[in-house]
Amino acid sequence: MRVLHPTDGRPPAMAAARLLTALGDPATIEVTVLYVDEFANRTVADRVADEVLGEAVKHFAGAGLAADVKRAHGGVKRAIEEELVAGEHELIAMGVGNTGWLGRLVLGGISTFVLHRSRVPTLVVHRPPIDGRERVRVVVGTDGSSAANRGIDTLIALTRPDRCEVFVRSVVELPVPERAGVAEMAATSSIDSGVTEETEDADRLMRKTLERFSDAGFACDGDVVRGSAVVALLDAVHDRDADLAVVGTRGRGRFAAIALGSVSGHLVRAAPATLVAPDPGEYQDDGALG
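When you line the sequence shown up against this note's numbering, it's residues -10 to 279, in that order.
I should point out that these hints are in silico values taken from the structure, not numbers from a laboratory.
Worth double-checking, as some hints may not be accurate.
Simulated restraints on C-beta separations [claimed, not checked]: (1) ARG193 / LYS59: 40 to 46 Å; (2) ASP192 / ASP35: 55 to 61 Å; (3) GLY206 / HIS227: 36 to 42 Å; (4) LYS197 / GLY53: 48 to 54 Å; (5) PRO15 / GLU186: 41 to 47 Å; (6) ALA29 / GLY206: 18 to 24 Å; (7) GLU123 / THR188: 44 to 50 Å; (8) ALA146 / GLU189: 38 to 44 Å; (9) ARG229 / ASP39: 38 to 44 Å; (10) GLU189 / LYS59: 45 to 51 Å.
Quick caveat, the model's predicted, so the values are computed rather than measured.
Backbone N, C-alpha and C define an ideal beta-carbon position, used for all residues, glycine too.
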């Protein structure tokens, strides 16, 4: 798997690098470290670029991961966009939460392209995995959509079974009555029937996902809950003190209507790290960001 890792050398970018080394299988992962010049003074720019890129390569090499470097000029948006449009990478991994160019951009202008428009999954990292654990703790949200399945495929391709433990959650969104009263009471049986059917479907999806992870050698468990997908997935992250959440966006399953605006969007902002996978069939090139 070819991974693009934009870095500005600040702590959140370093957190993304630490998560990559905690998860990444040295036998299959190739990392491209991208640095974009921030300084107009050439002497300063060269010195900072050498320091940042040198530390990043040293970090990855210490974990046995192959890494090469790219240095770009002329704007961060353009540099990241060109790398993604070129189609050379299968995952982009970046840190957020600082006042540097990555922190300012990932949940602002660049996120429009990276999270909404990218052809490839995006790993957004606020903090590294908790030290002292044998494995990275991962929560996977599944709704049967192509995007959710792509997120699962990406995780399996990225890591090894001995590097993470997986918890799968499937959520049944409860129907909300338009108004209380006689009409609501009359519809109770049909609502219950629909919820039961949805619960059975969610249980099948959860078990199928567990089977995929188990067949790949991962330690895994899962459940089905009723309620809000946002709350349910964030609860799973919190209850398990998880390091990473995995979810699809723009899918056609139960997450579809609220995907990036709610489920993925909330996880990207609230979870320690989130792997967001777009539906491979729904990308449209609307042109450059400029």
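*Starting from the hint list further up, note which numbers the structure goes against and sort them upward.*
3, 4, 6, 7 and 8
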